[in-house]
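Full structure from sequences and hints, please.
There are 2 protein chains.
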Amino acid sequence: MRTERIDLRLANEAWESLMTAHARLTALFAAEDMWGEAGMREYDVLYTLSKSDGPLRLCEIQDGVLLSQPALSRMIDRLAARGLLRREADPDDGRAVRISLTEDGTRVQREIGRAHAKSIGRELGAALSPAQMRELRELCTRIVERPQQDA
Amino acid sequence: MRTERIDLRLANEAWESLMTAHARLTALFAAEDMWGEAGMREYDVLYTLSKSDGPLRLCEIQDGVLLSQPALSRMIDRLAARGLLRREADPDDGRAVRISLTEDGTRVQREIGRAHAKSIGRELGAALSPAQMRELRELCTRIVERPQQDA
DNA sequence: TAGATTTACATGCAAGCGCATATAATTAGC
DNA sequence: GCTAATTATATGCGCTTGCATGTAAATCTA
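Chains V and D, in that order, are what the protein sequence lines are.
When you read off a place in the first sequence, starting at 1, and then add 26, the result is the number in our numbering.
When you read off a place in the second sequence, starting at 1, and then add 26, the result is the number in our numbering.
Misleading hints may appear alongside valid ones.
It does not matter which identical chain is used: a pair holds within one copy or between any two.
Listed below are the simulated DMTMM-like cross-link pairs for lysine to aspartate or glutamate, each with C-alpha atoms no more than 25 angstroms apart in a straight line [said to hold, decoys possible]:
# : residue 1 : residue 2
1 : Lys77     : Glu42
2 : Lys77     : Asp33
3 : Lys144    : Glu39
4 : Lys77     : Glu39
None of these hints come from the bench; they were simulated from the model.
What follows is the structure, given as structure tokens:
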């Protein structure tokens, strides 16, 4: 059907623009001089933990990070070795590991987080009005929270 | 000022939702069984070349790909070794390399591209209306095409 | 036009990543 | 309750990546 062809093209244009926006801003943020103790991907982990109330499992952290399970496992090794987070056995599930920020990790996350939030505000603020930011947030949220369908 | 604090929060929420949408869809696409001869990052390069009329330089390709210059250089090595693209010396600039798709590269790009476009249409189509896709495209384009300001 | 700077790409090397697989604990089937 | 399947995480290994740096050509400077 003609309408579907148009929608396909439109969907691809929308996705490409989202990819490009993501790539440009990510590259821009990565180039900034604020990732002292962590690196951007490591910060993702610290941030994910900071949002959570209690400790998280590896598999819970992984939902927020674009990284394979083994890679995440070893990244957490390194972060723990540097004293930024803590691994404890889960008393209720012998397979699981409960991961949480140390005080040092919390401090590092806050320091980087503050600077990073400013950058985000600066870049998005220069491009979009508050109403447009709300609109963007709604649209992207809709993509993520779409009712789960078959595989 | 109070308004700026609200905008900062809003901007960060918008960016996080964009990151999450990008991560979820990327992971979903990566898990699909269509990247036979290329891999997703390599497809990015093939796609970038397919959009261009003539050959591109390394530095021109790099704008579309989130990869360091040496990594891109070697990825192009591998793609050329597999016969998917061609490297020629630029007659006008002895430093530059002109990179273009071979027939095989064009074929691979088209095959993957068709399948990938369907996936994009399916996923975005399930989440957004055409009007919302247009809106998303406009907003993301605005982020990228924002008038260049200071470093 | 000789020297200095910049631009475009390549390469050595260590660190990180993904794939396949191993290990161990939980849950499901019967 | 015993085996099979599943879930959660770890490890071996080869490939890829990024950083620092090298090389070579173009451009700028005087």
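> Which numbered conditions among the earlier hints are violated in the structure presented, ordered from lowest to highest?
Replying inline: As far as the earlier hints go, not one is violated by this structure.
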